[in-house]
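Q: Between the sequences and the hints, there should be enough to build the whole structure, so can you do that?
There are 2 protein chains.
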Amino acid sequence: MGDMRVIKVKQSVLANNDSRAEALRNELKSNKVYLINLMSSPGAGKTTMLVKLINMLKDKLRIGVIEADMDADVDAHTVQDLTGVRTIQINTSGECHLDAKMTSEAVHAIGQDNLDLLILENIGNLVCPAEFDTGAAMNLVILSVPEGDDKPLKYPLMFRKGDAFVFTKMDTKVVFDFDVDLAKQRINKLNPHAIFFPISAKTGEGMDDLAEFILKTVQAF
Amino acid sequence: MGDMRVIKVKQSVLANNDSRAEALRNELKSNKVYLINLMSSPGAGKTTMLVKLINMLKDKLRIGVIEADMDADVDAHTVQDLTGVRTIQINTSGECHLDAKMTSEAVHAIGQDNLDLLILENIGNLVCPAEFDTGAAMNLVILSVPEGDDKPLKYPLMFRKGDAFVFTKMDTKVVFDFDVDLAKQRINKLNPHAIFFPISAKTGEGMDDLAEFILKTVQAF
Numbered sequence: 017m018g019d020m021r022v023i024k025v026k027q028s029v030l031a032n033n034d035s036r037a038e039a040l041r042n043e044l045k046s047n048k049v050y051l052i053n054l055m056s057s058p059g060a061g062k063t064t065m066l067v068k069l070i071n072m073l074k075d076k077l078r079i080g081v082i083e084a085d086m087d088a089d090v091d092a093h094t095v096q097d098l099t100g101v102r103t104i105q106i107n108t109s110g111e112c113h114l115d116a117k118m119t120s121e122a123v124h125a126i127g128q129d130n131l132d133l134l135i136l137e138n139i140g141n142l143v144c145p146a147e148f149d150t151g152a153a154m155n156l157v158i159l160s161v162p163e164g165d166d167k168p169l170k171y172p173l174m175f176r177k178g179d180a181f182v183f184t185k186m187d188t189k190v191v192f193d194f195d196v197d198l199a200k201q202r203i204n205k206l207n208p209h210a211i212f213f214p215i216s217a218k219t220g221e222g223m224d225d226l227a228e229f230i231l232k233t234v235q236a237f
Numbered sequence: 017m018g019d020m021r022v023i024k025v026k027q028s029v030l031a032n033n034d035s036r037a038e039a040l041r042n043e044l045k046s047n048k049v050y051l052i053n054l055m056s057s058p059g060a061g062k063t064t065m066l067v068k069l070i071n072m073l074k075d076k077l078r079i080g081v082i083e084a085d086m087d088a089d090v091d092a093h094t095v096q097d098l099t100g101v102r103t104i105q106i107n108t109s110g111e112c113h114l115d116a117k118m119t120s121e122a123v124h125a126i127g128q129d130n131l132d133l134l135i136l137e138n139i140g141n142l143v144c145p146a147e148f149d150t151g152a153a154m155n156l157v158i159l160s161v162p163e164g165d166d167k168p169l170k171y172p173l174m175f176r177k178g179d180a181f182v183f184t185k186m187d188t189k190v191v192f193d194f195d196v197d198l199a200k201q202r203i204n205k206l207n208p209h210a211i212f213f214p215i216s217a218k219t220g221e222g223m224d225d226l227a228e229f230i231l232k233t234v235q236a237f
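Protein chains in written order, with the numbering used here: chain Z, 17 to 237; chain R, 17 to 237.
To be clear, the hints were calculated from the coordinates, so they are not data collected in a lab. Careful, some of the hints might be misleading.
Which copy? The list can't say, so a pair holds if one copy fits it or any two copies do.
Lysine-lysine pairs mimicking DSSO-like chemistry, simulated, CA-CA at most 30 Å apart [unchecked claim]:
(1) K189 to K200
(2) K189 to K218
(3) K218 to K200
(4) K177 to K232
(5) K74 to K117
(6) K232 to K205
(7) K177 to K48
(8) K76 to K48
(9) K45 to K117
(10) K48 to K117
A: Following this line, the structure appears as structure tokens:
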């Protein structure tokens, strides 16, 4: 009985979330603001990639960043200091994901004026963030080389929900076994339309392709 | 109103979980089975460390392993094949953590006869697993060098709930900035009684200390 009740509440929460996400997506579309929801494990290199990417694109696109963390605000300071773009921090008070309501509040707090691209750095987690549509136009998922190429087998929902996948820390392949082709195959099995960008924010490998993809996608929006 | 209702359900779920966890802890204690709850991010090296540790201890302790994953069963096969100890797999059907009820079912499925040490490899996640007491005698938390020394700032609950902390992949410090002392300080600020084991399952560094600590703790139970 107890479990049943929890499941029902969760279903209504999710249905509610879907309609809120759709409303936010429509609002962003009408304002021509492209929202990317960036998801990964803790420590996969979201912030490092983001800083590099923004510095490559900020002369071509007007960019804003929403940093989500359960408690901390270190990432917002890092992004602000290293890129100079408009950045806000939201704290989820222990929640392991962002839902459309939280995202909508953050989008309204940062504002949609004079922005082409808004990037939401979600909580570091391969599970819960995948369950909630944030209203983003694109789910960008990072898998880092040190995590291993078996992660799509273990966290299938995240790899099903992603639109584009970035393999980070490619410069560390010297010390880790990570088979890029195998990782791609495993993701494509869950998600036939997935596209891939193997990069190293440290050496710059692959960053041009990623930046061009983001630029063209936002310009076509 | 909607949110309020979810929170109330969650609170009753958590209170319910606490009493179940306590009952399981008492049952395991009376059967002299020491349960370790192993938690970390995805890809932090739980399974690799576990295999090494079991092979160092299996002549001295009777060991069993419960592998938890949302969908896959690769880890259970790996542990079984590489150690030969009694192993079962539980799937959480998408749930991002184990609670005391799931743990209790798994403990009863694997059985408590002829076991000194039972290790539960929780879902790879730095958030949700920390919220649920499983009934374990010890929470063993892994932080891997590639994830970075800032994780205690971002996932404080996990670092508050851990009893002992293993820093894995120490051999990769050559390619990552990871300050062991800073990581310890940040964890100790949340958790003054935390103890630490920097290791590399690859080179064997630190594994003797970790194995001895586990052996003595189980023998003193």
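Q: Among all the numbered hints in the text so far, which are the ones the structure does not match?
A: none
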